[in-house]
Structure formats: C-alpha cells, structure tokens
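If you read the sequences in order, they're chains A and B. Under the working numbering, the residues of the first sequence are numbered 1 to 451, in order. Under the working numbering, the residues of the second sequence are numbered 1001 to 1326, in order.
Treat the hints as calculated values from the structure; they're not laboratory data. All of these numbers come straight from a predicted model, not from anything done at the bench. We put the CB at the ideal spot given by N, CA and C, even for glycine. Do not take every clue at face value.
To be verified - If you only want the chain B side, here are some residues facing chain A, beta carbon under 8 Å, derived: (1) 1046; (2) 1048; (3) 1150; (4) 1222; (5) 1231.
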Amino acid sequence: MTATFTQAAVDRIARVVQIPSKETRTMSALDFVHQAMEHKVASQLLDVEVNSPFGIWYGDDMEPVLRFISFAGLVELGLRAGYLHLMEWEGARLLEQSLREFRTENPAAERVDLHLLDALIVHFDAPPSGSWSFGEVAFASFESYLALSGRLRGDGAVRSFLEQTSGHRVPAGDWAALLSPRHFADAFADGTIEGVPVTDVSAGYRLLGYLERLADILESLREHTELRSGIVRHARWVSRAERIRDRFGFWVQRMREWDRVSNEAWSDELWSAYAQRIFGTLVAEQERLNAPRPWVQPEHQQEPVVEEFNLSEDKQLEQLLAEGRVGAARELLLKKAMQMHAEMGERMLGSADFFPWAEDLVALGRVLAQMGSEDAAAALVAPIVPRLVTEYGESDCAGHASALVSSAREGRLRHRQESQEAPASGERVLRALDQREEKPHQRSWRSDLEP
Amino acid sequence: MVRKKKRPDVAIAENVPVLQVDTESLRGALSSHPEHAVVEAPAHFPLDNLRWSSDEGWMPNSLALLCQNQATKAIVFVHGFGGSADSTWEEFPRSFRTIPEAALADAFFVDYPSTTHTVAFCAAQFRKFLLDLLREPTTKVVKPSLPDEAPHRPVSMKYEKVLVVGHSMGAVVARRALLDLDRDDLTPEERNSLTILFFAPAHKGARNLGRLVESGLGLDRLPFGGAIGSLLHLRYRSVADLTKESECLADLALDSKARREERREAEENGEYLRAYVYHAQNDRVVYDDKFDDDRATVPLMAQNHRSVCKPRDGYQKPVEALCNLL
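Isolated chain A, as found in the complex (with noise of 0.2 Å):
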C-alpha cells in the first residue's frame, strides 16, 4: 500500500510539472523521466543559461531542462516532507541515473539554483528511512505545496503578469489600470478599458491568494527549516519576491490617490503590515539561502519604479489636481494641516502670530472643504473659531471659519454620501480655484482662496 501511494504521489508531481493542455495528455512520472533522458535535457542547460544574460525566468518552465529540475526538487521536498518513499517507485533507479548524468554534464551550472536535485542525489546514497507521519505539519504542508504549484502552472495569466515583474519599471499597463476605480474595474474583468488593452489586474489578485497559501505553508513549517528552506528554493515563480512586493506597493500609492468612492479606511500601516506578512518570512529566507537570483537587472539597466516629483509643495498640488488625484492631494493638505494644526497651542497663547497663522489654517480648510473633506476642515478650524470671532469677528477669516464649522454640523458631507452625489473632483477644485486667482503663476493653496 505504501509502494501504491508513492507511486501516485511521483506521478502526481510530474503531472505538476507539466504544463496543462488540451492537446497532450500528461506523462506518468516513468514517461517524464524517460523522455528526459532520451531527449538529453541536461545538455540544454547551458544554452539556457547563455541564452539569459541576467539569469533565467521560471515562472513558465518553457524549457524541458527546468521542468525537470523542478521535478526533481519536488521529489526531494517530498522526501523530507515523509511524503513518499523513493526507493519504492519503480523508476527510482532510473531518475538516479538520469541526476547523476546530469550533474556530469553540469558540473558548473551558476544561474541555476541545483542545491535540491544534488540533495535528492545524496538521498539515493543514503536512503532516508522515513515514514508516513501523515497527520504532520510537513506532510501536510508538502501536499499543501504541490496543490498550489498545480494550479500556479495552470495559471497562464499569473505566469504572464509574474513576467511582467521582470524589473524596477512598473508596466505601462499598470499605469492606465491604476487611473480611476472604474479603470480598475474595467481592467479587472476584461484586461482592458474600451478595448485597449492594459494590466490584467485580476491576475494580480490571484497572485496575492497564491502568495497568501504560500506565507500560510512557510509559517507552517517554523519547526521544519529544511522542508522550508527547500520550499523557498523551489518556488523559483516568487524568486523576484521584492519586485512583486514593489509593483504591488506602487498599486497601493496609486489607489490611495484616487478620490474618495467610499468610506473604506486604509492605511499605509495596513499594507505594510499585509506584506510582511506575505513577503516577509520569503524575502527573509531567500536572502539567507542567497541562491541564484534569476532576472534580476543590473542596478544600472533599471528604471525608477515611479516618476518622482520634483516640485514645490504648492506646485505638487496644483499638478495632483490637473491629474485628477484629488485622494492624493487631499492627502497633501491634510499633512500640511496637520503640520500646522501642531503648532496650535503656541500659536493659541501668541499675539502677533496669530491673525496670519489662522488665515493660513482656514484658507486650507476651506481648500479641504471643496474636496470633500468638510469635517476634516472643521476639525482643524473649530478650536480657533471662538477666539477669530471675538478678536477679528469682521474679518473674512472669521466668517469662513464659521461657515466651514457650520456646513460640517449641518451634515453636508453625510447628506452628499446618501444621495450618492461624487465628492468634488480634481477639476471642480481646479475650477473652484481658478475662479478666484488672478495670477495662476503665483498660485498657492492660501492665495487660491483670497479674494
């Protein structure tokens, strides 16, 4: 019975390997080794390599040489799993000849990591005497493994968006995916937006479901180093785990810059804390191992992941707001509030200070305000109100200031949200803006608002 069950499970790791298709069935693991070794797939490793000046992509396992040493490393992960006894498989004596001969005719490979089929060879010198245990974690976390690298390899999509994060440069289908939510949307149920084509971002999901089961398998296995260690080496498809996390981190920038559709909180703290959970115990483990990194481009061949800003605060602003960012805008000034906001008790017990410094606050808020953000803005500008109307009660200042307290009690902002009416967009703001500067030049959040 143990002979039948490791029979199964070598023929399921070469169906693993395989590549899904409608036209060709899938070989028994017998045939796969078979055919390696008639079709000589250990010569080719060298002209991958060649063929890859910056180290060779796996995702897809295109070439007959890596399906192979995939293969090969899923049987050693099974066997320190206690998923399979070797020696009971009937093609056993031939996979070992098919290694060894392999590693003749690469005795020097450098792009490829080979540490898990020269460990399977040692096992065939020293059988392990394992058994069943099948109610451990690593048995189970082993099977957990191979269902999820079965239905990676049957993920064209993944692959593909996986390929994408070849480097720094975010992919120009990211860009237009990542404009608007409804881009979004459209990008993630068709691939495109009024048929031109962009980011399949649903794939991108997936891929994140993927790397969620495979953050689940590692932590699983704190007390199995050598089945996890082995795991990360095999997992050649997230070998380029801080690229990934990178293209993901620049959605997130990009999607918290989009104006408020609803009240959904998120944070950077939240991201951050979602990926290190699912990056963390891989990048960690990928830098100990420091095995071949493929497709990683030399530090003077990559690009800037993002365009970055090179403009004043006020000048960063207006261009948020001609781009349509308004979240990311809002987010602006709602910083630059509360840089100001914090010096509010040292202003508060001031003289001098304090007339400007409050026509500052309120012209932001006012700025806040017509973005959506009546609360926010009363927030800041309530605790100076009694003090502006007492002092300066016929100034502008003041009469702003309370306008913008009253509008937020009467609940404008709540009464915008249930009528489903879109907060003010980039443009609405501009405009708004426009229409009380003279000099658009010398624009500036406060002058915006002088009269």
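Got chain A; can you put chain B on it based on the hints?
Positioned in the frame of chain A, the structure of chain B alone reads:
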C-alpha cells in the same frame, strides 16, 4: 482510462558517473531528517485532479482525495462566488487525513466557473455530477480519478452516505441541484444517503453585492475593495441571482418548501432537505436568516464570510461539523 503506454528503452547504466557534488556538506544539512520506526500508509491517495467522465471542460481544476481502500462515504465540497477547489477548502485535505471518521470517505472538491455563469446553469451541471456520484460513482467519477495502481473498485459500488458541503453561493448551487435532482425521482435510498452542510450560505441573499464580489474575488487585499466590488458586480451573471429579491432565491425557497411538504404528505423522509447551517459572527456579505425548515443556525464567533469554512490552528469548527455528520 489508460494512461500507460509503451516506453522507449533507456538502459540503466551499471556504473553511474562520479558526482561533482559537495555531498558531505549536503549530508550535514540533511542529517536532521526525521526518522520513524513505523511505516503506516495514509488512508487516502495524494490529493489529485478530479476527472469526471462527463466533465466536458466544465470543472477541470477540481480535486479529489480518494481512499486507498473501498469508500462507503462521499463528501462533495462546493465553493462560493469567486472561490476555487483549493483556495476555499485549503485546509480540509490535511484535516481529512487525520480524522478517523473520514478514513472511509472519498472527498471531491468541485471547482466550477462561479463568476461567469448563472446559478441555474452551475446547478444544472452540478446536478449531473451529483447524479453520477449517486448512481455510477465508480465508472463516472472514481475510476477515472484513481491512480492506475489503485485497487479495483466494484462497478456496482454505491456510497452509503453523500455529504454535500457548500460555502456561500455554493450552498445555493448545491440546494438548487438537489431540488432539481429530486424532481427527477431520486430513489428513497438515494434521498436517505444525502445530507447538506452549509457555511455562510447565500440562500437568503447577499446584504451587499459589492461586498460579495469583494470577498469572493479577494479585492479586500488592497485598498477600495468594496468600491471596486460595487463597480464590478454588474459584470458577473451569478451575482444578480444572489440579491435578496432575486427570482432564483424565491424559487429556491418555494421549491424547498413544496418538496418538503410533498415528502411529509407521502410520509417519506424529508430530512435531506434540511441543511445544517453555520454562520460567522462578522459576516458582512450574506443575510443569516433561517431558510425554510433548515436546522437551527450554529453561530461561529470571530469569523467572517471567507474564514468561516477554513479550519486552521485554533479553529476546528468546520472539521467538527463534518465529523458530526459522518
């Protein structure tokens, strides 16, 4: 299904080449490999693809965990909107291998296109699968999925018990299929063999379609998941079937009640129509009202719509629910 074929002859060399591997360091690294004195075979074969002979490309990513010996029970898992055979039930295979109650049970993790087809169509396909599982399990489902080396299973074998486990939309698909199957004259023995167990079923409708899409497609992994879900929900045909007011759900309730009353009037067993239902405390996706004459809802604390059916360390309620019915 025959997968074996004549292999080309490849001679096994008597003298294998000398390795150029640093075997000493590898042996050191591998020295901690666990050694066990007792060898005991697992009750089930490796988790592998489910190959239903009438599939026609409907559910190619489905999985099966089949007994090495004869099985007397079958458990069929049906995922919800946007789910999959492995992501929705990811921890069940592990649990399955450890619980004695499952030692004689085959498990089938059905993977169907829940986003692109209506509930009615998904249910019609599932009905076909369920019928094959009840009437011709060996030839139509088990034999094509078993390894070549597996012991023979009698063609006439039928499962004594068939437990259908559904999550969210999967519960609606499963119940619709069961009711339609019943209309086509299930035998009393077949009815008696059936039990339905649902986690966070959507049979009373979704509270918020945006949230349903968000949860099903995992949009909550990144910002604005609910908003994107709201924009997407019109794109998916099955979602409309899960609104509280949908004809699909109204018919489901009417048919369930009618069928149950028919059984009562005929003094026949109608228990197979009454689901065992588990709802999560933090479910923002579906209504948790009672459906027809289902059994009293079991509340599960500190779980949400997605996590409710996923056993893990410290949360074994889904496995316990299964064990209670095996």
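- Query: What hint numbers does the structure not satisfy?
  - Reply: none
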